[in-house]
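Student: Read off the chains here:
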Amino acid sequence: GAGVSQSPSNKVTEKGKDVELRCDPISGHTALYWYRQSLGQGLEFLIYFQGNSAPDKSGLPSDRFSAERTGGSVSTLTIQRTQQEDSAVYLCASSLLRGRGEQYFGPGTRLTVT
Amino acid sequence: KNEVEQSPQNLTAQEGEFITINCSYSVGISALHWLQQHPGGGIVSLFMLSSGKKKHGRLIATINIQEKHSSLHITASHPRDSAVYICAARKNTGNQFYFGTGTSLTVIP
Numbered sequence: 001g002a003g004v005s006q007s008p009s010n011k012v013t014e015k016g017k018d019v020e021l022r023c024d025p026i027s028g029h030t031a032l033y034w035y036r037q038s039l040g041q042g043l044e045f046l047i048y049f050q051g052n053s054a055p056d057k058s059g060l061p062s063d064r065f066s067a068e069r070t071g072g073s074v075s076t077l078t079i080q081r082t083q084q085e086d087s088a089v090y091l092c093a094s095s096l097l098r099g100r101g102e103q104y105f106g107p108g109t110r111l112t113v114t
Numbered sequence: 001k002n003e004v005e006q007s008p009q010n011l012t013a014q015e016g017e018f019i020t021i022n023c024s025y026s027v028g029i030s031a032l033h034w035l036q037q038h039p040g041g042g043i044v045s046l047f048m049l050s051s052g053k054k055k056h057g058r059l060i061a062t063i064n065i066q067e068k069h070s071s072l073h074i075t076a077s078h079p080r081d082s083a084v085y086i087c088a089a090r091k092n093t094g095n096q097f098y099f100g101t102g103t104s105l106t107v108i109p
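Chains as they are written, first to last, in my numbering: chain A, 1 to 114; chain B, 1 to 109.
Don't read these hints as lab results, they were simulated from the structure.
Positions of the beta carbon are idealized from the N, C-alpha and C atoms, including for glycine.
Treat the hints with care, since some could be wrong.
[Stated by the list, open to error] In silico negatives: residues of chain B with every beta carbon more than 10 Å from chain A:
1) 13
2) 24
3) 45
4) 59
5) 68
6) 76
7) 109
[Claimed, not checked] List of simulated lysine-lysine pairs, DSS-like, C-alpha gap at most 30 Å:
8) 57(A) <-> 55(B)
9) 68(B) <-> 91(B)
10) 55(B) <-> 91(B)
11) 17(A) <-> 57(A)
12) 91(B) <-> 53(B)
13) 91(B) <-> 57(A)
[What the hints assert, rightly or not] Label-pair distances were calculated between CB atoms; the ranges are:
14) 50(B) <-> 54(A): 24 to 32 Å
15) 18(B) <-> 15(A): 42 to 50 Å
16) 54(A) <-> 80(B): 39 to 47 Å
17) 3(A) <-> 22(B): 28 to 36 Å
18) 58(A) <-> 9(B): 25 to 33 Å
19) 67(B) <-> 9(A): 18 to 26 Å
20) 96(B) <-> 112(A): 38 to 46 Å
21) 76(B) <-> 17(A): 44 to 52 Å
When you get a sec, could you build the whole thing from the sequences and use the hints?
Tutor: Printed below as a string of structure tokens:
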């Protein structure tokens, strides 16, 4: 079946603009994660959704970052008033079982803030 | 100090060699994941384990909960194993994941 998809694959934006990044998880997967991978740095947890429950936002770096998940499926990560330090690859992963399942990663969105 | 430490950072091996990558963590965890990231950037989950040992083909992952340590072994390494291997620990409270900085493996023919 289809894997996790993300769009766009690349996004270049000017500092101060808002951006939206989309993630389509594998059908039936209830858990969805957003991560960030900055150049030369490791992966960083951002936010976790489990079904229709309130998300775990403990990894969001600032209040400029927000995410939603509609109908327990598609998720959108929004970054407001982008800064150059937001430049990174944003990765989405989904999992069948909360906390106990293997994660399937999307290809990522490479965000460049100029 | 990072919650998850990996070693070595870089590793070069000859084809056929046995490879070990180590991961130590300082937080209480519910599970530990090993991930593989190829040069193109795609990430694949190799293992998820909370105790003992798992094997998949030439890959073996072990975890020692008491010592807070996990290892990833590759037997009979091959150039296609060249990638970055990342250790990720899921905290046992909440949903936070902590990641190691990765081990860059190059296997030379």
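Student: Does each hint hold? Answer for all of them.
Tutor: A quick look at each hint next to the structure:
1. Listed as outside the interface, residue 13(B) is consistent with that label: its C-beta sits roughly 22 Å from the nearest C-beta of chain A, beyond the 10 Å cut-off.
2. For residue 24(B), the shortest C-beta to C-beta distance to chain A comes to about 15 Å, beyond the 10 Å cut-off, and the non-interface label holds.
3. With a closest Cβ-Cβ approach of about 5 Å to chain A, residue 45(B) is found to fall inside the 10 Å limit, against its non-interface label.
4. Interface exclusion of residue 59(B) from chain A stands, the closest Cβ pair being 14 Å apart, more than 10 Å.
5. Residue-level check passed: residue 68(B) sits 18 Å from the nearest beta carbon of chain A, beyond 10 Å.
6. Consistency note on residue 76(B): stated as away from chain A, and its beta-carbon is indeed over 10 Å from all of that chain's, at 24 Å minimum.
7. Every C-beta of chain A lies more than 10 Å from that of residue 109(B), the closest at about 28 Å, which supports listing it as non-interface.
8. About 34 Å separates the Cα atoms of residue 57(A) and residue 55(B), which puts this hinted pair outside 30 Å; it is violated.
9. A threshold of 30 Å between alpha carbons decides the hint, and for residue 68(B) with residue 91(B) the separation of about 12 Å falls inside it, so the pair holds.
10. Distance hint between residue 55(B) and residue 91(B) is fulfilled; the C-alpha atoms sit about 23 Å from each other, no more than 30 Å.
11. Taken as a hint, the residue 17(A) and residue 57(A) pair is honoured in the structure, with Cα atoms around 22 Å apart against an allowance of 30 Å.
12. With a C-alpha separation of about 20 Å, the suggested pairing of residue 91(B) with residue 53(B) holds against the 30 Å cut-off.
13. About 15 Å separates the Cα atoms of residue 91(B) and residue 57(A), which keeps this hinted pair within 30 Å; it holds.
14. Hint check: residue 50(B) to residue 54(A), Cβ distance near 25 Å, so the stated range 24 to 32 Å holds.
15. Residue 18(B) and residue 15(A) have their C-beta atoms about 49 Å apart, which keeps the hinted 42 to 50 Å range intact.
16. For residue 54(A) paired with residue 80(B), a C-beta distance near 42 Å keeps the hint of 39 to 47 Å intact.
17. For the hinted restraint 28 to 36 Å between residue 3(A) and residue 22(B), the CB-CB distance of approximately 30 Å keeps it satisfied.
18. Between residue 58(A) and residue 9(B) the CB atoms are about 27 Å apart, so this pair conforms to the stated range of 25 to 33 Å.
19. Taking the beta carbon of each, residue 67(B) and residue 9(A) are about 41 Å apart, not inside 18 to 26 Å as hinted.
20. Distance hint check: the CB atoms of residue 96(B) and residue 112(A) are about 27 Å apart, inconsistent with the given range 38 to 46 Å.
21. As the Cβ distance of residue 76(B) to residue 17(A) is approximately 50 Å, the hint placing it in 44 to 52 Å holds.
When the structure is compared with the earlier hints, violations turn up for hints 3, 8, 19, 20 and for no others.
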